[in-house]
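2 protein chains.
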Amino acid sequence: MAPTSLSRPASTRHPDSRFEQRLAQILQHATAVFYEKGYEGASMRDLSRSSGMSLAGLYYYFESKEKLLYLIHKHYFTTVAQRLTERLEEVQNPEERVRTFIFNHLDFFLANHKAMKVLSHEDDVLERELGAEIAALKRQYYHSCSDLVEALKREHSSEFNTRVAVLSLFGMMNWLYTWYNPRIDPGADELSRQVGDIFLRGIRVPAAH
Amino acid sequence: MAPTSLSRPASTRHPDSRFEQRLAQILQHATAVFYEKGYEGASMRDLSRSSGMSLAGLYYYFESKEKLLYLIHKHYFTTVAQRLTERLEEVQNPEERVRTFIFNHLDFFLANHKAMKVLSHEDDVLERELGAEIAALKRQYYHSCSDLVEALKREHSSEFNTRVAVLSLFGMMNWLYTWYNPRIDPGADELSRQVGDIFLRGIRVPAAH
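These protein sequence lines are chains A and B, in that order. Residue numbers 1 to 209, in the numbering used here, belong to the letters of the first sequence in order. Residue numbers 210 to 418, in the numbering used here, belong to the letters of the second sequence in order.
Careful: at least some of the hints might be erroneous.
Claimed, not checked - No more than 25 angstroms apart at the CA atoms, straight line, and that leaves these computed lysine-lysine pairs for PhoX-like: (1) A:114 / B:347; (2) B:323 / A:114; (3) B:276 / B:246; (4) A:114 / A:138.
Derived from the structure by calculation, the hints contain no laboratory data.
For reference, chain A alone in the conformation it holds in the complex:
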């Protein structure tokens, strides 16, 4: 299998193939290594050791540490966005749609908390085409949230700075990797309800007519 096959769009590959499963597994191991050592501190040798793939194989299929980081970003952002699309299909109410976004994001990243840190910390490592492609995925994901918030804003005839509100919401959700403790903090369901309460009450601003 040639390295380029890794970058074919998800839709052209069979999602349940053994290859896909093995790829997801390798990316999960790589995420754990970047989580522990940071991107700079991790070597291809560390990545090979943790994934159980030979160093030669790792270079053959993934080319470089940067390419692995790129695939991690792509894998997690594509997956969380796909789940969101599926979940939103059943929800009509604008407020419930924002709550669905929050639940989908927290549910996914609490289950993948190492990824949450790696995606946050190694945000500016990728350069050129790889960096541009991931930036586009993230922009798309940001807009899927801001579209939902804009719809709610119209419904309520509210007035607020959407960019500040949406990025504050991402802050509430993404900062979790620094403090969330499953032994004392609520699970994804209850936590999304609480974060959703703060955010939704917080933006319910009647417009000055």
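Since the structure of chain A is already known, use the hints to place chain B on it.
Just chain B now, kept in the frame of chain A:
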């Protein structure tokens, strides 16, 4: 001057001494290096080059990269906490006191945005005594915020999970380093008002009696 003098408590040193100024300057340069290269990626040689201090001098006064990172944490957390104490002296109203916390935090970290990233990213590098001391400073700072939120909660007879609310607020504020763009986003005054609006409306939950 012996290296140990660096860790004397702030109160026993004259805050305007030339030494203090030079120290703050070196820590600022070191912050910029850690911001650019990450803690793992930065060398003592990089730090020496950027601060204009000889490598031998850097090792003599600061001992290690870890000690420098420790001093950066200590410097920024002590300074932001001192400013908060001063500002709170003039404010009585519980809601205004929470707004003062938000403004003080944003005002300080927007002016020191490289520190915001370094303090967030290199949170788990420090170990043993140094790590414990910084963890205590951060805990104290967290509690200065949660005390203000608790006071407001009592005044409003609200019911919410204080820990989730306060850490969501820190998320809104600290995530800023990933997105804030001074050319298009509001300044510290207006931004604290907007973040304060979302948060304060968000936690205004009447208790179920």
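Do the hints match the structure? See the list:
With a C-alpha separation of about 22 angstroms, the suggested pairing of residue 114 of chain A with residue 347 of chain B holds against the 25 angstroms cut-off. Between the alpha carbons of residue 323 of chain B and residue 114 of chain A the distance comes to roughly 24 angstroms, so the proposed pair stays at or under 25 angstroms and holds. For the hint pairing residue 276 of chain B with residue 246 of chain B, the CA-to-CA distance comes to about 17 angstroms; that is within 25 angstroms, so the pair holds. Our distance criterion of 25 angstroms between C-alpha atoms is met by residue 114 of chain A and residue 138 of chain A, whose separation comes to about 18 angstroms.
Figure legend: structure checked against the earlier numbered hints; every hint is met.
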